Amino acid sequence: MSDGEKTTEVMLPTGSDLVLSVSPHLSAADSVRRIMYKVLLALIPACVAGIWFFGWRALAVIVVTALFCIGAEALWCRIAGKPVLGTIADGSAALTGVLLALNLPPEIPFWICLVGAFLAIWLGKQVFGGLGNNPFNPALVARVGLLIALPAAMTTWTPPRGMGADSPAAAEFYSPSTLHKLQGKKVGLDSVTHATELDSVTCATPLGVVGTTPKILDKSFEAQQNFQAVDNNEMLWRYFLGIKGGCIGETSILALLIGGILLIAFKLINWRVPICYIGTVAVFTGLVNYFFPGVTPTPLFHILTGGLVLGAFFMATDMVTSPITPTGCIVFAIGCGIITSVIRIWGNYPEGVSFSILFMNALVPLIDRWCGQRPFGYTVKREVAK
Amino acid sequence: MGTLTAAVMVMAGIGLALGVVIGFFAKLFQVKSDARVELVTELLPGANCGGCGKAGCSDFAKSVVSGENPPSKCPVSSKEQVTAIALALGIDAGESFAKKAVVCCGGDREQTLRLANYNGVLDCVSASLVAGGPKGCAYGCLGMGTCARKCPFGAIEIINGLAVIHKELCVGCGTCVAVCPRNVIKLVPAEAEVHVYCNSPAKGPAKKQVCRVPCLGCRKCVRAAEGKFTVNGFRAEVNYQAPELPTAEDVQKIGCPTGCLLTAEEHLRIEMNEPEWSAGKDE
Amino acid sequence: MKYLELTVGAVLVYNFVLSRFLGICPFLGVSKRLGTAMGMSGAVIFVMTLASFITSLLYRHVLRFEYDGRTVDIGFLQVLLFILVIAGLVQLIEIMLQKLSPMLYQALGIYLPLITTNCAVLGAATINANNNYTVLEATVFGFFSGVGFALALLLFASLRERLDLAAVPAPFKGTAIALITAGILAMAFVGFSGLC
Amino acid sequence: MNKNVKTFHGGIHPACDGKSLSNGVSVQRAPLLDKYRVVISENVGKPPKPVVEAGACVKKYQLIAAADGFVSANLHAPTSGRVTGIVEVPGAMGVPVQAIEIEADGADEAGELLPALDWRNCDVALLRKRVEEAGLVGMGGAAFPTHVKLSPPPEKKVDVLVLNGAECEPYLTADHRLMVEQPEAVLEGAAISARILGVTKIYIGVEINKADAIDALNAHAAEFGIEVVPLKVQYPQGSEKQLIFAITGRKVPAGGLPMDAGCVVQNVGTAAALADAVIRGIPLVERIVTVTGEVVAHPGNWLLKIGTPVIRVVEWAGGVTEEPGKLILGGPMMGFAQKSFDVTVTKNTSGILLLPRTVAVTYGSSPCIRCGRCVAGCPMNLVPCALGNAVEAERFDLAAQNHVMDCLECGSCAYVCPAHRPLVQHMRRAKAEIRKRKK
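Residue numbers (our numbering), protein chains in the order written: chain G, 1 to 386; chain D, 1001 to 1283; chain H, 2001 to 2196; chain V, 3001 to 3439.
Think of the hints as simulated: they come from the structure by calculation, not from any bench.
Quick caveat: nothing in here was measured; it's all calculated off a predicted structure.
Any given hint could be a false lead.
Here are the simulated lysine-lysine pairs, DSBU-like style, with alpha carbons at most 30 Å apart [unchecked claim]:
| id | chain 1 | residue 1 | chain 2 | residue 2 |
| --- | --- | --- | --- | --- |
| 1 | V | Lys-3157 | V | Lys-3251 |
| 2 | D | Lys-1054 | V | Lys-3046 |
| 3 | H | Lys-2002 | G | Lys-82 |
| 4 | D | Lys-1203 | V | Lys-3157 |
| 5 | G | Lys-215 | H | Lys-2032 |
Pairwise CB distance ranges, derived in the manner of DEER restraints [to be verified]:
| id | chain 1 | residue 1 | chain 2 | residue 2 | range |
| --- | --- | --- | --- | --- | --- |
| 6 | D | Gly-1154 | H | Gly-2174 | 54 to 64 Å |
| 7 | V | Leu-3126 | D | Gly-1233 | 16 to 26 Å |
| 8 | V | Thr-3362 | H | Gly-2174 | 31 to 41 Å |
| 9 | G | Gly-81 | V | Val-3095 | 48 to 58 Å |
| 10 | G | Ala-153 | H | Gly-2174 | 30 to 40 Å |
| 11 | D | Ala-1248 | V | Thr-3362 | 40 to 50 Å |
| 12 | D | Gln-1081 | H | Asn-2131 | 26 to 36 Å |
| 13 | H | Gly-2174 | G | Ala-149 | 23 to 33 Å |
| 14 | V | Thr-3362 | D | Glu-1226 | 35 to 45 Å |
| 15 | D | Gln-1081 | H | Leu-2136 | 54 to 64 Å |
| 16 | D | Gly-1023 | H | Phe-2021 | 34 to 44 Å |
Facing chain V, according to a computed beta carbon distance under 10 Å, are these residues of chain D, among others [said to hold, decoys possible]:
| id | residue |
| --- | --- |
| 17 | Ala-1047 |
| 18 | Leu-1115 |
| 19 | Gly-1120 |
| 20 | Asp-1123 |
| 21 | Leu-1129 |
| 22 | Gly-1136 |
| 23 | Gly-1174 |
| 24 | Val-1177 |
Every residue, glycine too, gets a C-beta built ideally from N, C-alpha and C.
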């Protein structure tokens, strides 16, 4: 710019377009929508693993359930007179849908997905006032609701890729007749009739096998060997990779861990929560296993089977339904761990993750109240004085 | 012993024992209670509006029984109800002044300038805490409806960004007066028909810059209707204590230059009939 | 071990409110504030324990006794007698509360007399009788049933306090959303089935 | 990162600090205007009483409004000229305020100055009186009369003076430039304050993003026995309670003042003004103000007279490149949004910030998803989201129970909130309602 006379006209503000709002006038770049999409991104590895192990049917379940959830949300918003597009765009309905789908068996009929979607979105979320107001995790409300109402459909598991009749411990997971059928294919029977029969091939989950194995209450050799068939190094490795029966999303621990690390990297969850949850289960089952080896398998088995890792990383860390303070989150995680272990070892249900998180959801207001943090500048004495 | 005898004896014995124990405890833990409080509470309207200055009707009933307040202190009760309470207690009903609230502002979205685009909580108290709110006039109604939400009788409606009171629903409890951050709502005698719809003590020119219907303090009304108006600073006020209140004819006769002196009916009619404000027209 | 089973059963598996669906009236009525819920919980635990103790005594020694070498069985009086005793007990508590804690008395309001006809208390007494529990067992069962009721009530009250601040749609405000919440809570308790 | 850098718990790290717009620009002296409007009620406490009539001629530095009571501050003429009267101007808080309008005669002729004092040897009472005469107020934001702050009641044992050079607000660089350009004035002012208070321990806390300021201060700090404490770049490092904790490790009790922890906190700008008042006898009539923002053509730091209209300052800074979406007096975290450009510079205006609409936050009404970021960010360890929910449901009893009165309104919670809830507005509402109820 030349010194001397400045001929360039100075543009002055008119003040006609001023916004009046409270301080602060800046904000961090994150938004609710971004958070939801990031969690969805972190779920992709688990989805991919589910599709790999259970085929296109799993993809269909995921997509259909997510769409049903979005539809249920849209319908509710329409009836309640809320902005439809704005509510759907925040991605929470899609996230609930994907989470619910990952908690369903791969061969679930689609009408059950529809019922689940309405359970999750309407009963689990919108009646409480929508996102942020629901005390219970919507996906878990739907899963538990379906599990209680339709136990047969919700516990019909199909074998994943790589779990053929000749796989290790096949006799544990398949009923004798199923095993027969599977082996029959190897010999090469009539392929047409066989294909239709194979459609109904079902298997048990590792936790299911454990649940039906009679407990041995002493420390004898039989007790030590009680779960040997499903709880050995080779099987654990297979569970870790995902070669086991179960819900779409809970098969591959590897994929879930990748997603979990993504969540931690995005700073969306407190890493202490999954660690505490899994750690509590490990300690609890470890103690029981140490004293009564015939009652429950080793801690590693408990970690690698069932929905524990999925629940610990994606459900117990749900922001809306978990405590707000870091201390509260730890208490919450430990509570989940204890209840999960108790249900798995002694309960009727082979799996307790959903129930435990749902139960702890109900405890959140109390945890929030009792695990609040002391404001800066307060000492215990002063607080009493107040 | 027959079954029947046993049954009768057992029942009678246990009943008797319980009766004795309960009677003993009732004597031991006797609590005195005043039945009159409950009676008065029943006779009160039960709106729990707090217009009397007490925390709800039962609290007020206590104060009536103790003689702290006359029954007429309840702004919601009709004369008959007040008399009933006074009769029940055998006390004097006390003098009653029926009151109504009036929003002393005519500055809706059309009339008063909005200086900035407000972005925040849609509540008058909250908005007034952010640079006094977006309205150009620092004394007028903010029109975000805090009073309307708080009114226990649904007497306040927000029309075009201005609170308007439906006189027939208002009981004069004063809830709105207490919550309004601008102190623009006033309790006036129920029979008053005419009000000055401006609350700004600022100078005329300053008001004119931001509002089309301010009171300019021209004293026309004071001159035309002797004793019925006073001018306080730069704003005229109806003299509600005067023996005679201004009437619709007075308004006609005065012919307020800005139109902020109106009868309540006229004010309501103007606000209701104005075209609905639309976003494009603002500023 | 028997007592552990009794405890877990009474508190979690066969929770009075969420599994047996007894005592719903105070469960819905006194759960708006956590403080009141705590008071109610205390009252119910007290009444249930005492009622279980006394009714099991009555059941074992009054409703069936030996007289003159014959057994006199007036078991048909069971319900009648239990109600009478429970009503008397609640009356006692009400009188004492009014004097000792007027605040709690005010807060409990109508629900305190309602314990009189509370099916949970009568339920506990009847379950004791049906299972032929000893007096000690019955007392333990009564106490932990009360604790189970208290657990459900506290959870529910804290949830309702949170829902107070939530943007619940108008048609669902109040009892509707409370019942939905209770339903989901009951679903969570299903997970405990089989523990004993 | 330096391990010795001190800080506090909680707080946030704003991604865009905007300081580079103006932190390299030296302080410029503003040209003389023809009219100044000096706001009377700008300090905390009672406003001073005008002592000049309309039409009176005043000299620069002449007293125009005298303190009314102890918690009040003198006001002096920023230039020579004629008083036209008392007018109503829009105040920084949005409500109209009274101001003395002075028509400058262009001579900018100084009146009689107060005698210079030898602060090392003269009577402490004399120093304290001088602070009062010079109309000093806290220049960091609250405009609390400095002489009040420097007269703690005898039962409070004050042993530490903390100078606040943190300047944690994004965009603002006025204190930074002051410390770089006049480190001796800052340090000397601190030493004088310490003498008034009778304390020997003097710290000056500076965030480490102002390395040149730390170097400049360190060059002279030893002469005055002052320790320069580098602080972590973290908002709100400059909040009194957080600063005291970071530097001394003491915690100001809830509801208490810094003196309850034996500390007095003073802004560096106030210290420099104090040095001017004592050594040269100059009362407070001008201050350094940062004029900045993405839409300002030439952001910079200006030495402005009190009473300068903001629109003129923007003009000197080269105007704007586009119509601003927000005008803020102060910093972007705690400053006040304005409704018009008619506001004037006061003793506590640290910055004039013009933000485009794209940068300024738009608050929404989406609900809390309980992510807990506000809890992690709150320097007072509160649970802001719960407080916000309580206020939305108008449960002020609940808000009070959860310590809303301890809120600093620093805005950390609202900054990190992914739902962009106007949490600070909720806090203010709660505080206002609770105060109203206490009455």
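Okay, the hints, checked on the actual structure:
1. V:Lys-3157 x V:Lys-3251: Given that 30 Å is the threshold and the Cα spacing comes to 15 Å, the pair holds.
2. D:Lys-1054 x V:Lys-3046: 34 Å, violated
3. H:Lys-2002 x G:Lys-82: With a Cα-Cα distance of about 55 Å, the restraint between Lys-2002 (chain H) and Lys-82 (chain G) is violated, given a limit of 30 Å.
4. D:Lys-1203 x V:Lys-3157: With a Cα-Cα distance of about 50 Å, the restraint between Lys-1203 (chain D) and Lys-3157 (chain V) is violated, given a limit of 30 Å.
5. G:Lys-215 x H:Lys-2032: 44 Å, violated
6. D:Gly-1154 x H:Gly-2174: 54 to 64 Å: Roughly 19 Å apart at Cβ, these two residues miss the hinted range, so it is violated.
7. V:Leu-3126 x D:Gly-1233: 16 to 26 Å: 44 Å, violated
8. V:Thr-3362 x H:Gly-2174: 31 to 41 Å: Given a distance of about 34 Å, which is inside 31 to 41 Å, the answer is holds.
9. G:Gly-81 x V:Val-3095: 48 to 58 Å: Cβ of Gly-81 (chain G) to Cβ of Val-3095 (chain V): about 38 Å, so the range 48 to 58 Å is violated.
10. G:Ala-153 x H:Gly-2174: 30 to 40 Å: The hinted range 30 to 40 Å holds for Ala-153 (chain G) and Gly-2174 (chain H), with Cβ atoms some 35 Å apart.
11. D:Ala-1248 x V:Thr-3362: 40 to 50 Å: 47 Å, holds
12. D:Gln-1081 x H:Asn-2131: 26 to 36 Å: 58 Å, violated
13. H:Gly-2174 x G:Ala-149: 23 to 33 Å: 26 Å, holds
14. V:Thr-3362 x D:Glu-1226: 35 to 45 Å: With a Cβ separation near 55 Å, Thr-3362 (chain V) and Glu-1226 (chain D) fall outside 35 to 45 Å, so the hint is violated.
15. D:Gln-1081 x H:Leu-2136: 54 to 64 Å: Given about 60 Å between the Cβ atoms, the range holds.
16. D:Gly-1023 x H:Phe-2021: 34 to 44 Å: 36 Å, holds
17. Ala-1047: 18 Å, violated
18. Leu-1115: 4 Å, holds
19. Gly-1120: 5 Å, holds
20. Asp-1123: Because about 7 Å separates Asp-1123 (chain D) from the closest Cβ in chain V, which is inside the 10 Å limit, the hint holds.
21. Leu-1129: 5 Å, holds
22. Gly-1136: 8 Å, holds
23. Gly-1174: 15 Å, violated
24. Val-1177: 13 Å, violated
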